[in-house]
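Chains as they are written, first to last, in numbering that gives the first Met the number 0: chain D, 0 to 278; chain L, 0 to 278; chain Y, 0 to 278; chain U, 0 to 278.
Hints may contain errors.
In this list, chains with the same sequence are indistinguishable; a pair is considered to hold if it fits within one copy or across any two.
Unchecked claim - With a straight-line Cα cutoff of 20 Å, these simulated EDC-like cross-link-like pairs (lysine to aspartate or glutamate) come out:
hint, residue 1, residue 2
1, 214, 237
2, 31, 58
3, 219, 153
4, 214, 169
5, 11, 138
Because the hints were derived from the structure by calculation, they are not lab data.
4 protein chains.
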Amino acid sequence: MIFDPGAPNLVKEGDLVQLHGTTHKNHLLVMKVGEVFMTHRGVINHDDIIGQPWGVRLESHTGNPFFVLQPGITDIVQSIKRTTQIMYPKDIGYIVLKLGVGPGKRVLECGGGSGGLTTVLAYLVGDTGKVYSYERNPEVQALAHKNLRLLGMEHRVEFKHGDAADGFDERNIDALFLDLPNPYDYLDQVSDSLIGGGQFATLLPTMNQVEITLKVLGHKNFAFIDVCEILLRHYKSDWGRLRPVDRMVAHTGYLIFARSIQAQLNELDSEEEASDIVD
Amino acid sequence: MIFDPGAPNLVKEGDLVQLHGTTHKNHLLVMKVGEVFMTHRGVINHDDIIGQPWGVRLESHTGNPFFVLQPGITDIVQSIKRTTQIMYPKDIGYIVLKLGVGPGKRVLECGGGSGGLTTVLAYLVGDTGKVYSYERNPEVQALAHKNLRLLGMEHRVEFKHGDAADGFDERNIDALFLDLPNPYDYLDQVSDSLIGGGQFATLLPTMNQVEITLKVLGHKNFAFIDVCEILLRHYKSDWGRLRPVDRMVAHTGYLIFARSIQAQLNELDSEEEASDIVD
Amino acid sequence: MIFDPGAPNLVKEGDLVQLHGTTHKNHLLVMKVGEVFMTHRGVINHDDIIGQPWGVRLESHTGNPFFVLQPGITDIVQSIKRTTQIMYPKDIGYIVLKLGVGPGKRVLECGGGSGGLTTVLAYLVGDTGKVYSYERNPEVQALAHKNLRLLGMEHRVEFKHGDAADGFDERNIDALFLDLPNPYDYLDQVSDSLIGGGQFATLLPTMNQVEITLKVLGHKNFAFIDVCEILLRHYKSDWGRLRPVDRMVAHTGYLIFARSIQAQLNELDSEEEASDIVD
Amino acid sequence: MIFDPGAPNLVKEGDLVQLHGTTHKNHLLVMKVGEVFMTHRGVINHDDIIGQPWGVRLESHTGNPFFVLQPGITDIVQSIKRTTQIMYPKDIGYIVLKLGVGPGKRVLECGGGSGGLTTVLAYLVGDTGKVYSYERNPEVQALAHKNLRLLGMEHRVEFKHGDAADGFDERNIDALFLDLPNPYDYLDQVSDSLIGGGQFATLLPTMNQVEITLKVLGHKNFAFIDVCEILLRHYKSDWGRLRPVDRMVAHTGYLIFARSIQAQLNELDSEEEASDIVD
Numbered sequence: 000m001i002f003d004p005g006a007p008n009l010v011k012e013g014d015l016v017q018l019h020g021t022t023h024k025n026h027l028l029v030m031k032v033g034e035v036f037m038t039h040r041g042v043i044n045h046d047d048i049i050g051q052p053w054g055v056r057l058e059s060h061t062g063n064p065f066f067v068l069q070p071g072i073t074d075i076v077q078s079i080k081r082t083t084q085i086m087y088p089k090d091i092g093y094i095v096l097k098l099g100v101g102p103g104k105r106v107l108e109c110g111g112g113s114g115g116l117t118t119v120l121a122y123l124v125g126d127t128g129k130v131y132s133y134e135r136n137p138e139v140q141a142l143a144h145k146n147l148r149l150l151g152m153e154h155r156v157e158f159k160h161g162d163a164a165d166g167f168d169e170r171n172i173d174a175l176f177l178d179l180p181n182p183y184d185y186l187d188q189v190s191d192s193l194i195g196g197g198q199f200a201t202l203l204p205t206m207n208q209v210e211i212t213l214k215v216l217g218h219k220n221f222a223f224i225d226v227c228e229i230l231l232r233h234y235k236s237d238w239g240r241l242r243p244v245d246r247m248v249a250h251t252g253y254l255i256f257a258r259s260i261q262a263q264l265n266e267l268d269s270e271e272e273a274s275d276i277v278d
Numbered sequence: 000m001i002f003d004p005g006a007p008n009l010v011k012e013g014d015l016v017q018l019h020g021t022t023h024k025n026h027l028l029v030m031k032v033g034e035v036f037m038t039h040r041g042v043i044n045h046d047d048i049i050g051q052p053w054g055v056r057l058e059s060h061t062g063n064p065f066f067v068l069q070p071g072i073t074d075i076v077q078s079i080k081r082t083t084q085i086m087y088p089k090d091i092g093y094i095v096l097k098l099g100v101g102p103g104k105r106v107l108e109c110g111g112g113s114g115g116l117t118t119v120l121a122y123l124v125g126d127t128g129k130v131y132s133y134e135r136n137p138e139v140q141a142l143a144h145k146n147l148r149l150l151g152m153e154h155r156v157e158f159k160h161g162d163a164a165d166g167f168d169e170r171n172i173d174a175l176f177l178d179l180p181n182p183y184d185y186l187d188q189v190s191d192s193l194i195g196g197g198q199f200a201t202l203l204p205t206m207n208q209v210e211i212t213l214k215v216l217g218h219k220n221f222a223f224i225d226v227c228e229i230l231l232r233h234y235k236s237d238w239g240r241l242r243p244v245d246r247m248v249a250h251t252g253y254l255i256f257a258r259s260i261q262a263q264l265n266e267l268d269s270e271e272e273a274s275d276i277v278d
Numbered sequence: 000m001i002f003d004p005g006a007p008n009l010v011k012e013g014d015l016v017q018l019h020g021t022t023h024k025n026h027l028l029v030m031k032v033g034e035v036f037m038t039h040r041g042v043i044n045h046d047d048i049i050g051q052p053w054g055v056r057l058e059s060h061t062g063n064p065f066f067v068l069q070p071g072i073t074d075i076v077q078s079i080k081r082t083t084q085i086m087y088p089k090d091i092g093y094i095v096l097k098l099g100v101g102p103g104k105r106v107l108e109c110g111g112g113s114g115g116l117t118t119v120l121a122y123l124v125g126d127t128g129k130v131y132s133y134e135r136n137p138e139v140q141a142l143a144h145k146n147l148r149l150l151g152m153e154h155r156v157e158f159k160h161g162d163a164a165d166g167f168d169e170r171n172i173d174a175l176f177l178d179l180p181n182p183y184d185y186l187d188q189v190s191d192s193l194i195g196g197g198q199f200a201t202l203l204p205t206m207n208q209v210e211i212t213l214k215v216l217g218h219k220n221f222a223f224i225d226v227c228e229i230l231l232r233h234y235k236s237d238w239g240r241l242r243p244v245d246r247m248v249a250h251t252g253y254l255i256f257a258r259s260i261q262a263q264l265n266e267l268d269s270e271e272e273a274s275d276i277v278d
Numbered sequence: 000m001i002f003d004p005g006a007p008n009l010v011k012e013g014d015l016v017q018l019h020g021t022t023h024k025n026h027l028l029v030m031k032v033g034e035v036f037m038t039h040r041g042v043i044n045h046d047d048i049i050g051q052p053w054g055v056r057l058e059s060h061t062g063n064p065f066f067v068l069q070p071g072i073t074d075i076v077q078s079i080k081r082t083t084q085i086m087y088p089k090d091i092g093y094i095v096l097k098l099g100v101g102p103g104k105r106v107l108e109c110g111g112g113s114g115g116l117t118t119v120l121a122y123l124v125g126d127t128g129k130v131y132s133y134e135r136n137p138e139v140q141a142l143a144h145k146n147l148r149l150l151g152m153e154h155r156v157e158f159k160h161g162d163a164a165d166g167f168d169e170r171n172i173d174a175l176f177l178d179l180p181n182p183y184d185y186l187d188q189v190s191d192s193l194i195g196g197g198q199f200a201t202l203l204p205t206m207n208q209v210e211i212t213l214k215v216l217g218h219k220n221f222a223f224i225d226v227c228e229i230l231l232r233h234y235k236s237d238w239g240r241l242r243p244v245d246r247m248v249a250h251t252g253y254l255i256f257a258r259s260i261q262a263q264l265n266e267l268d269s270e271e272e273a274s275d276i277v278d
């Protein structure tokens, strides 16, 4: 696997490497003997990287410094090729924690786009879990598929070409994320696939979408509904002049969380109790 | 394992169950045949829960409704017994994502407190990873240890009684979190334990602590320093009157991230190159 | 006038005084020879305050310290007796600046409540301006009237008992603020009273109200519509441990601003141009 | 006076006019018979504006629409020529309200820059108040002076060339604002000029400046210290897709407020009381 979570401390062929300049510019590349990496800041041979300890500082042939790093999962998400809108780490971190995505979990996403969230989900469920990724647009999905293959996590994801309206094949899913503009149209399909008590989440840019989703959620088998937004404020790291940066992302989307409940099944129980009384 | 990530859809003995009332009040308990759960809202027999599908709605003997849920990792963190200050999910989610905590990773924390973050770390590294948790206060650590045992994740954590000043036994750690008021005093110890390029993080309540930490980080083997804060704003989920809640948590702490680099080693390289020229 | 903007530096009879304890507790009272002020923190004679310089520190008979201050306009707004919801200084400051409320201006408010905003408007327009304050509830208006009289600014306000639906008597008003749950129902009345280009503003707690208001504004003679919200974050003023306070007001309301334009008159112009062509 | 607060409803020669295109681009100009306004969006004759009602929609010779508006005070502040950093309306609104700037008040500012805040202060104190504006840089002050003259408010401001270190000539000032990087160096001068209980304010970009200011304030004759920051979040005004704008200003500065108190005088009182006992 290319993106090796338990990497030793020396770079070897096949490793995914993040070359990070002293500014914010950085590149992800897979190490291959004999290959050459060319940038406008100079040339670096892969052979000069392989065998070096992680964290080392190298220089291109023009003397520009680069650090050799294992890419973090947020670096990867922000670097993958994409044709669809990005999800931000501030949102992803909170979503996967609330959804309880972790080793062994079976999670489903629909509207996976180019695979940003897919990558994090696959990373977190590990080899013992599974991600089911539905997408209607084959070209977008092909890109996500390619991204996951490059990262060596292809086997953790089952890519499914399909529309949320037709429902999902899986049952007893631990957590489900819809990345669609109209999640409110597919809440029955979500209920069908989620395990009782399972977490549902979605991210919506406008208040109008939130309103409709809340309205429909209230009439379906969901409880413990939570709407929130996450704001991330960066600070300049100049210790003698500590202050926030001048501008920030003011909005990505509103997050909605809800848990699937067995309300219909409960009503069945009530009827049985009623018949008990008759007896 | 009590906290079973791949649980089937029926509650069985030994499962960790979250009993969630219709309000925000909820309880975590481990299912045991014959046991009785007593609350001021009525009595429920464990035997009436075992065998039920997850997500079912039950009632106490006084008619109060409870939902039977698999607790999410955030529910667990917020419910564990503690004697130290809580870390909030908004911060934890961003921290673990930035640190790249996932299956198979080896992560180290110091100042683990009652085990809130420890629980999430153990959850995410899975059975193939390891958490090294240092704590100076034996009583606090005993509580964290007990919490992890109850959650069935004890084997994923190595609890170590020790002070950051003495350094950490582990090397080539993937990510390291200091939950201490003076992280700036232990940055050499952090460098020693982190793999080259490994992620370091800390959370500090005051600007003064941030300033000192930034100042010291600038003189040590760290790069790509990032200071930020996460704000979480909840909304009332009443769809016809959508608006933020009246009050919010204004501050938990400032997050600092930095990556360990091999600067000294790089200077060694430079000397070797120099000697090359002599030859 | 009790609330004397150009006060000399000694307290005299008739002055409005803010007695401010060392904590946040404070009292507003009008100085009167022979009167006694009793609080649970001790007794202070008005005669002991009169003749003192502003800013002096006195003590009650039980030794509790009080500072003798000229109340700021924000102190007054937060201290006036009220039966309706408060408007916050963070919102008031931005609203009056955007509305251009200042000496000599003629401003109109409807839904004035207990007179919080009325007080600030009257303060800012001075003796050369005028505030027209409409309110449907006579009891609420009586309280506002009494508050303004106590502050010596009664003559700057024309209190009018009336409903927005019936329109406002005034024309060529410089700025107009509606403090009503359904401002969208009265936008024609607003247009009729505002001078061309005049500023309209309203404050609404929910997104749904904002949506309707925006929708209706788009069909009326308004332009340069602006929707925003103001967040105020206080910091602990302990210099060695600088940090935001733990909790903050997360939401008061969304502000909407729009300027009245002469679109109908412009269409009249177009017709004249059309007739020009005929001629 | 050009910027006439109580303007009639028709534009006349000498009026300050804001020509506002349908986008956010706008221009301020003083009406003069015979003059021509040229922009890249076409030509408009002043004579075609004079005599029109405020709020009218005109077109340039190329057919581009312009609205004829009385500029708001915020429009003016954002349009004045400047060589120094701008203060934002979000901050100005809160500052002037907290400082109680209104008709008849005597306020002092130091570090006035190009006159942004000066303009608002002059606007609010009216003809019965006075603004004392100190500035060390003669060229910057000349620009501020010119700006105020153009706005017809020159007579409300006394421009003084001077350094805060030398103190201010005025006494019993109602409110005082320092726009300097090191306000902590001049707090005695502030105390000398402020009336007892008078409001002091400053705006500082970095936490380090705030810390020092708080530290020094604690040793001087000030009380009721408040540190805060104001965040302004704009929303897209598209009613069917209501959402915050994508990016916002994350930081302008931290605001510090404090009130001057008569602590030394109070200690004098105590001595007198002591001598009373002797007698």
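Quick rundown of the hints versus the structure:
no. : hint      : verdict
1   : 214 / 237 : between (47 Å within a copy, 8 Å between copies)
2   : 31 / 58   : within (18 Å within a copy, 62 Å between copies)
3   : 219 / 153 : neither (34 Å within a copy, 38 Å between copies)
4   : 214 / 169 : neither (26 Å within a copy, 42 Å between copies)
5   : 11 / 138  : neither (33 Å within a copy, 44 Å between copies)
Of the numbered hints listed earlier, those contradicted by the structure are 3, 4, 5.
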